[in-house]
Every structure is written in C-alpha cells, then in structure tokens.
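Heads up: the protein sequence lines correspond to chains A and B, in order.
Using our numbering, you'd call the opening residue of the first sequence number 95 and step up by one each time.
Using our numbering, you'd call the opening residue of the second sequence number 95 and step up by one each time.
So, partial list: chain B residues that the calculated Cβ filter (under 10 Å) puts toward chain A:
{"#": "1", "residue": "G122"}
{"#": "2", "residue": "C125"}
{"#": "3", "residue": "A126"}
{"#": "4", "residue": "P132"}
{"#": "5", "residue": "Q134"}
{"#": "6", "residue": "E145"}
{"#": "7", "residue": "S168"}
{"#": "8", "residue": "A183"}
{"#": "9", "residue": "D216"}
{"#": "10", "residue": "T218"}
{"#": "11", "residue": "V228"}
{"#": "12", "residue": "G230"}
{"#": "13", "residue": "V232"}
{"#": "14", "residue": "L238"}
Simulated restraints on C-beta separations:
{"#": "15", "chain 1": "A", "residue 1": "G379", "chain 2": "B", "residue 2": "P132", "range": "30 to 40 Å"}
{"#": "16", "chain 1": "A", "residue 1": "A315", "chain 2": "B", "residue 2": "A336", "range": "55 to 65 Å"}
{"#": "17", "chain 1": "B", "residue 1": "A236", "chain 2": "A", "residue 2": "A192", "range": "40 to 50 Å"}
{"#": "18", "chain 1": "B", "residue 1": "A370", "chain 2": "A", "residue 2": "R377", "range": "51 to 61 Å"}
{"#": "19", "chain 1": "B", "residue 1": "V189", "chain 2": "A", "residue 2": "G235", "range": "35 to 45 Å"}
{"#": "20", "chain 1": "A", "residue 1": "P381", "chain 2": "B", "residue 2": "A244", "range": "51 to 61 Å"}
{"#": "21", "chain 1": "A", "residue 1": "A203", "chain 2": "B", "residue 2": "A399", "range": "51 to 61 Å"}
{"#": "22", "chain 1": "A", "residue 1": "G298", "chain 2": "B", "residue 2": "A390", "range": "54 to 64 Å"}
{"#": "23", "chain 1": "A", "residue 1": "T268", "chain 2": "B", "residue 2": "W109", "range": "34 to 44 Å"}
{"#": "24", "chain 1": "B", "residue 1": "P342", "chain 2": "A", "residue 2": "P132", "range": "50 to 60 Å"}
In case anyone wonders, no lab produced these hints; they're calculated from the structure.
We put the CB at the ideal spot given by N, CA and C, even for glycine.
Protein chains: 2
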Amino acid sequence: MALGEFQLIARYFTWSPETRTGVVLGVGDDCALLAPAPGQQLAVSTDTLVEGRHFLSTVPPERLGHKALAVNLSDLAACGAQPLAFTLALSLPRVEEAFLAGLARGMQALAQRTGIALVGGDTTAGPLALTVTVFGEVPPGAALLRSGAAPGDTLWVSGALGDARLALEAFRGTLRLEACAFEAARRAMEQPEPRVALGLALRGVATSAIDLSDGLLGDLAHILERSRVGAQVQLDALPRSAHLAAQPEPVQRSCVLAGGDDYELLFTAPAHAQAAVHAAAQRAGVPVTAVGVIVADAGLRVLDACGQEVALGGLAGFDHFVS
Amino acid sequence: MALGEFQLIARYFTWSPETRTGVVLGVGDDCALLAPAPGQQLAVSTDTLVEGRHFLSTVPPERLGHKALAVNLSDLAACGAQPLAFTLALSLPRVEEAFLAGLARGMQALAQRTGIALVGGDTTAGPLALTVTVFGEVPPGAALLRSGAAPGDTLWVSGALGDARLALEAFRGTLRLEACAFEAARRAMEQPEPRVALGLALRGVATSAIDLSDGLLGDLAHILERSRVGAQVQLDALPRSAHLAAQPEPVQRSCVLAGGDDYELLFTAPAHAQAAVHAAAQRAGVPVTAVGVIVADAGLRVLDACGQEVALGGLAGFDHFVS
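Excised from the complex, chain A in its bound form (with noise of 0.2 Å):
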C-alpha cells in the first residue's frame, strides 16, 4: 500500500480522543498504555474474521465492523468483563474509502456503546481479515468460566439460537425465506449484538459461561468437559424465532442445536438462583430461557418433548460456516 493509503486508514481508525479511564495511551506509539482499575484483573480475547469463512462478500461493510468487533465482546460477555480496550489488526486487498467508512462506522458505534477504546492495531496488503483482541476488567474470582456448572445447575441460555444459520442456508440456497423473515436473519447473522450487560450482570449468579459461536452442542461439551459433568437438554425449550419455528423440524433442529454464529452466552445456574437469573436478565434486558439440566454423568443428550433422546449422528455432517 502507497503511504496516502495508510494516512487513509489510520484517518478513519483513530475517532476522537481516548479518554477512557484505564486507557492512558491509546494509537500513535509502538505500544498502547493501560491502567486497569487497581486490584482488576484483565480478561483477554482474540479472534480473527475471514472473508468467505467467517463473512460473505455481500456483506454490509458497516456490520462487518460491527460484527468484528462483537464477537470478541462475546468473549468478555461470557466471562463477565466489562470491556475496556481494543486492537485491531487489518489485511485489505485494496483501499476503498467508501468501503472503509463504513467499516470505522460500525465498528466505532459498537465500541462507543459499550465504551470500549480501540487503542492500537496494524494494516496490512493481504487477503480480508479482521484480527480483533479485546480486554475487559473483572474483579479476582468474579470471572465466568467454563469450569463451574455442578449437577442439579440450571442450563440457561440468552436470546434466540438458530438465526444466523437460518440466513447463511438462504445465501447458499438450500432453503427460501420470505424478504422480511430473511431481513431478520441476515442481520442476526451480519450484526449479532454481543450480550455484555447480560454477562456483567451474572457476575456472581451464573457458575458457569460460555458464548455460542460453534452451536449449542459444540459449545455446551466445552462446559461439560471443563467441568467435568454430564447434561440433558430439552430439545422443544430452545429458544427460536418465529421465522425459524416456522421452518420443516429437522432445518429448526439443525439451526438450534448446531447452527453457529450465535453469540449468545450458554450459561448455568443452582436451581435456587432461578429468581437472581431473571433479575439479571431483567436488568440487561435481554430474555433468558432454562433449556435443561446438569447432571453427574458425563455426555450430553437432547431430549424431545416426550422425553426420548434425539439422535444426533445427523449433524454430524451438518458442516460449520464458522471455523
């Protein structure tokens, strides 16, 4: 890239002056400075987004921003961190400012947001990918982590599953959405919004956490692997859109259980804690629903609505988008 073309992108990439507290230098020198709140600790994430993995072409190059960036929020959600700063490593094929502009945008009011600080990053020539790494702030032994869950805990999760997929088999055309049913996928799957006041609330609450970007069953074995135990879940309480219910049963099933590219947080809970979960869940205004249980027994299995196990070997085959 020629330097102009560089003056470019740090013109959009640097918005406004970093006053945040904990940020005490932010873009312009070899490193960013941060002052964590005295006696925090710092949670750190990272993840890439590549063009035709992890995002088609057609996207709006604003949610691309967004999304970027929210799917490393999802990560500080799911440990409960409330974020504090961000870097951002960029490869670009070429330099388009209307393409750029829109992707500051996104990224930018996301960040403002949730008063996050970008304070650093890096361009490159290359293929499209976002590299972002976040850092949050959370009190010793105040973070959510896969370990906790215990039998008897109460299996939740936050919003609606399935969406996401639901758009990416439309693009692909395995399935037909009506045009408002696919708007609302599509922005599921192009602009997931990262459930931080969800995660901040259940500080204390939850005793474990995980955000869903593999699919539900995926990311519930890393729970029940981290903490050693075993879970049932019932397969007709997972939440879904009118849209996706609307949808042949074994499209819901796959888009629920193994979909991907949720970004919702999978958490669990004593089942004394049912009133602390919806009172968090009220306070961060996002709905929550129990989906099952924990047990002693190591594996997982869904159940049906009469109580018979579901056979998962079908979705084996079903192929992530995400990877």
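With chain A held as given, fit chain B onto it using these hints.
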C-alpha cells in the same frame, strides 16, 4: 478445517502449564485472565505477518514462528516493557504437521527465553497469516515513548542495519551474495532478535525510542513528528555488517537508511548520558552506536563524511517490503 485439525493445532500451541506470575488463566476458556503486578501499567501492541508481504514462502517454519513473536516483542522493547503474555491468531490454508511443529518450536523457544506466556488464540482456515498481540508490564511514567526527544539529545541505534533488506534483494535477484554472507543476511531477515533487554535497561536513560521496522528514515520521522524536533544523521556512522559494507555504496545507503525489517532500537538520550547508555547496552549485551543528534529545527538531514547533505530523493522509490 476438520475438528481433528484444530486439535492438532491446539496440541502444538499449548506448551506447558502457564505458571508465569501474572497469568491467572491461560489457553482454554473464553478469555485468558491476567493480573499485572500492583501499580504496573500494561503495554499492548499487535502486528500481523502475511505470506508474500512480510515473509517469503521459503522461510523455514521455525524461523517464521520466531519472527511472528519477535516483531511484537520488538514493540515491547521499544517501550521498555517487560514481556508478560501474548495471543496468536493463526490463519492457515492447510494443516501440515511438520510445518505446525516447526512454527510452534520457533515461537516457543523465543517465548520461553523472553518469559512471555501464550495465553490465547484463534485458528482459522485462510491465507497464511499470523497476528500476534503482546502485553508487557511497565511502571507508570517509565515507558519509553516516541515523544520525548529534545534538542541536543544524541541519536543512538542498536546492532547493525540493513542486512534484512540485503537478504531480500538477494532473494529477488537484484544482487548476489556469497554463501556465508547470504546465510548471515538471511538470518537477520528471517530471525530478528528483539531488543527486550536493551529496552528495559534504557528505562530512565533514553528520552525516546522506536523499533526499526520500516527503515531508519521512516521510523525516525515518527520520533521527530511526535517530539516536534529535527535531526541530523551521520550516514557513515550507521552501523552495518561487514558483508553489507562490501556492497556498492548506493546499495549500502539504501539498506541502512530505508531497508526495513531491522527490529533494532532507535533511541535518543541526553548528551551527558553517554556513559549510562553504554552501561545499559553492556548490561543487555547489545552493541549501540551514536549516529546523530536531535536539533530544534524541524526536518531530517543526513550528512556524509564531509558534512555534505545526502540527497534522499532516490530512496523514495526504494519500495518497502514491509507494509
């Protein structure tokens, strides 16, 4: 990628339990958890290496693993920060065990030698690229910034300049090197040594610092701009290897002034601090050379042995490998 491939990658990039002080939780949850020492600030930087742009396909994987971490450690060095932890976002076109093993080996060796812990990452299928984000600790007010150079300060550089560019030109076929010169230059390009110990030793001594990634002229311009000063550089004083010194003068000049990819430190210190600079360099085991002086008037002048100003116009067309 198939699940088994992800597990293979995870196996190579999860080395040893993370027992470093300051790392509460390493790889394996939604976030890593860091606990910087009380009162310390956190220095953060991120850099991406893309195949064909920052490295050639001929690079041995072990050196590539080293370099991806080294260029980021170099930013911590330029700030005078103590390496703490890093994340790795890896984009791979295919999974080859020998390549992964080499990549991990090179990265791990440098990580262990510099005391930095791998605490998280993301792997995706895509064009070969590595994005590393590093975190280091630095006491408040102790970070070396680009903005502290003052008129009268001496300008210093560590190591030798231009070898990485010399190797690149040999790879490109624009010049020929004898076998042992080629090997030495190639090592400088493929396996730069981050000057972490020197950066730490220069705390309280240097008034400004930057690491040389884009070439001396470009990087010095950043110090001059941020410090609102000018500089005079003695061309003949710029340190270079014996094999670079054997090249025609225009090649030498281009390589030392605008070669890029050196990862040496360029820094300033008051004239009276000469002994302190030499003591710091000795503690770090790195040679340093005084190469010029900071002046009040804006602008960058390069002078030859006769005190005549060197025309830099021709260097503008000397394109950067790194961008």
